[in-house]
Amino acid sequence: MKRFLKLLRKDLEASRLPVFFLAGITLILMAVLRWRIAQGAWHPQVSVLGVAVPLTFFPLWLIWRSFQTLRAEWREDTVYTLLVLPVPGWQVLLAKLAGLLVEYSVLFAATVGGTFLFFGGLMDELWEVIPGPWWLAWNALWVYVTGAFVLATLAIHVQLAFVVSKMVGRLQGLVALWVLFLSTWLTDRAALLLEPLFRWLPTIRLHEFLQLTRFDEGIILEWQPAGQIGAAFATVGLLFLTGLLFERFLEING
Amino acid sequence: MNAAEPVLVVHNLRKKYPKVEALKGISLSLPQGEIWGLLGPNGSGKSTLLKCVAGLVRPDGGEIAILGTPPSRASKAQIAFVPEVESLYRWMTVRQVLEFTSAFYDDWQKDSEEELLEFMRLDPRAKVSTLSKGMRARLRLVLALARRAPLILLDEPFSGIDPSSRDRIVEGIVRQFKGEEQTIIISTHAVGDTEQLFDAVVFLHEGSIILQGSAEELRASRGKSINDLFKEVFA
Chain R
1 MKRFLKLLRK DLEASRLPVF FLAGITLILM AVLRWRIAQG AWHPQVSVLG VAVPLTFFPL
61 WLIWRSFQTL RAEWREDTVY TLLVLPVPGW QVLLAKLAGL LVEYSVLFAA TVGGTFLFFG
121 GLMDELWEVI PGPWWLAWNA LWVYVTGAFV LATLAIHVQL AFVVSKMVGR LQGLVALWVL
181 FLSTWLTDRA ALLLEPLFRW LPTIRLHEFL QLTRFDEGII LEWQPAGQIG AAFATVGLLF
241 LTGLLFERFL EING
Chain E
1 MNAAEPVLVV HNLRKKYPKV EALKGISLSL PQGEIWGLLG PNGSGKSTLL KCVAGLVRPD
61 GGEIAILGTP PSRASKAQIA FVPEVESLYR WMTVRQVLEF TSAFYDDWQK DSEEELLEFM
121 RLDPRAKVST LSKGMRARLR LVLALARRAP LILLDEPFSG IDPSSRDRIV EGIVRQFKGE
181 EQTIIISTHA VGDTEQLFDA VVFLHEGSII LQGSAEELRA SRGKSINDLF KEVFA
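Just so you know, the protein sequences line up as chains R and E, in that order.
When we follow our numbering, the leftmost residue of the first sequence carries the number 1, and every step to the right adds one.
When we follow our numbering, the leftmost residue of the second sequence carries the number 1, and every step to the right adds one.
In short, the hints are calculated from the structure, not lab data.
Every residue, glycine too, gets a C-beta built ideally from N, C-alpha and C.
Where hints are given, some of them may not hold.
So these bits of chain E aren't anywhere near chain R, every CB distance computed over 12 Å [to be verified]:
id : residue
1  : S27
2  : K51
3  : R58
4  : P71
5  : A77
6  : E84
7  : S112
8  : L131
9  : G160
10 : D162
11 : L197
12 : L211
Just so you have them, the derived chain R footprint on chain E, three or more residues with Cβ under 8 Å [claimed, not checked]:
id : region
13 : 86-95
14 : 114-124
Straight line, CA to CA, 20 Å or less: simulated SDA-like cross-link-like pairs of lysine to any residue [stated by the list, open to error]:
id : chain 1 : residue 1 : chain 2 : residue 2
15 : E       : K224      : E       : E206
16 : E       : K24       : R       : R199
17 : E       : K16       : E       : L28
18 : R       : K6        : E       : K127
19 : E       : K16       : R       : K6
20 : R       : K2        : E       : I210
21 : R       : K6        : E       : Y89
Construct the complete structure from the given sequences, taking the supplied hints into account.
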């Protein structure tokens, strides 16, 4: 555990500057928008931009980071340090994944916090419709958790694609793309195969779980998680496969 | 560790890259307690051999045994490998580099670390990115010598650094070498001032061993220094 935490801390330290820079830029953007709206220079609807820009950019940034955190190890030759450490490969990759999720959490908090801080006063109509702040907090939590799962899944696929691409001498970009498609397809197939094992799980009545009925009685939203649980197991399997390839089959020929 | 057991045994090791055969059936057996010089010009296969032992390159054939076991996660804990390239995290301070590395090795010696830092004249608060090339080379050596690793692999530790740093490194190796329990392999193509270090040498050329033996015996039998022998062999 101590070794894993060292790896995680290293990745967090390495990403601290860009993440806090992005979070800061987001808050500054929101503050400027709010200031211009308060001055009457811009229409209040422009405030949507303050949320839409980070919500569009951050997912792309985080997917790029899942690739970049590994690429940087090769570019700066620090992969030599990583590969001679007596730790399982999956720990190295999991530390990078955990670091990525911390980045996601900081950016999510900056976006949500900034939205309430700067634009909360402009959302009177919204407050009238929403059952209460606790409802918003509860749903924001599940949006966060869902986003974290989606990001983790994508990052694991990207890690596999990157590591496999480093195992070939040529056409590394094409190989990475091919592996990305193949691993997605394989996960889909594995999820279908594993799905019957989890059919015993109850269907979750999301409209009750997320208390959407307080918003509108007519909303019905149900989710049978068997397929997604199967996909999650397959994805975890991919993480260990990537760890194995990283630890035992990668070569450094530079 | 059994005193009679070789630290490293390499048998018929082969490695082929797409355009070159880097190792053509290398066989070696290294006892403990010696410093070996792996000598040869650029492209002779020195780095590939060390990387194979460190587990960074997979051989195409042959066998490697480190204290009796093939390269694995467990053997990585027995080896201190200093690559030729700059493998340090440049945003870390010297202290952070030491703390990060020491967390992974049970054989890390805090007292040796402090002694080496002082001897190598490294400021623990300095960022790696601000260190000169010679200082970074010295720091990488600290990472290897602060451990009680049975096998230390130094890949071109004197390459491209100033004479004063080179002297410090040579002296550091002599001071910290734990003779009875360690074996050091130093690959280099600049024999000159470093030949005093070697108990034994291996001459590597185009992936094959062309000469090997005790440094003292070679000097006596050939009537010349290892440096002169190196010049003669690779002329």
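Each hint tested on the structure:
With 12 Å as the threshold on Cβ separation, the claim that E/S27 sits away from chain R holds: the shortest Cβ distance comes to roughly 22 Å. Its beta-carbon lying about 7 Å from the closest one in chain R, E/K51 breaks the requirement of being farther than 12 Å from that chain. At roughly 6 Å from the closest C-beta of chain R, the C-beta of E/R58 falls inside 12 Å, breaking its exclusion from the interface. For E/P71, the shortest C-beta to C-beta distance to chain R comes to about 10 Å, within the 12 Å cut-off, and the non-interface label is violated.
At the 12 Å boundary, the C-beta of E/A77 falls inside the reach of chain R, the nearest C-beta of that chain being 4 Å off. Non-interface status of E/E84 relative to chain R is broken: a Cβ of that chain comes within 12 Å, the nearest being about 9 Å off. Consistency note on E/S112: stated as away from chain R, and its beta-carbon is indeed over 12 Å from all of that chain's, at 19 Å minimum. Non-interface call for E/L131 relative to chain R: holds, since the shortest CB-CB distance, roughly 15 Å, exceeds 12 Å.
E/G160, annotated as away from the interface, keeps every beta carbon of chain R farther than 12 Å; the closest lies near 14 Å. The non-interface label for E/D162 is consistent with chain R: the shortest C-beta to C-beta separation is roughly 21 Å, beyond 12 Å. With a minimum CB-CB distance of about 23 Å to chain R, E/L197 clears the 12 Å threshold, and the non-interface call stands. For E/L211, the requirement that its beta carbon stay farther than 12 Å from each beta carbon of chain R is met, with the minimum near 26 Å.
For the region 86-95 of chain E, the stated coverage by chain R holds: 7 residues have a C-beta nearer than 8 Å to a C-beta of that chain, and at least 3 were required. Coverage of a stretch by a chain is defined here by at least three residues with a beta carbon nearer than 8 Å to that chain's beta carbons; for the region 114-124 of chain E and chain R the count is 0, and the condition is violated. A distance of roughly 24 Å separates the Cα atoms of E/K224 and E/E206; the hinted pair therefore is violated under the 20 Å criterion. The hinted pair formed by E/K24 and R/R199 fails the criterion: a straight-line CA distance of about 57 Å is larger than 20 Å.
This hinted pair checks out: E/K16 and E/L28 have alpha carbons roughly 19 Å apart, not beyond 20 Å. The suggested pairing of R/K6 with E/K127 holds, with an alpha-carbon distance near 18 Å, which does not exceed 20 Å. A threshold of 20 Å between alpha carbons decides the hint, and for E/K16 with R/K6 the separation of about 36 Å lies outside it, so the pair is violated. Between R/K2 and E/I210, the direct Cα distance comes to roughly 46 Å. Violation of the 20 Å bound is thereby established for this hinted pair.
A C-alpha spacing of about 13 Å is found between R/K6 and E/Y89, which places the hinted pair at or below 20 Å, so the restraint holds.
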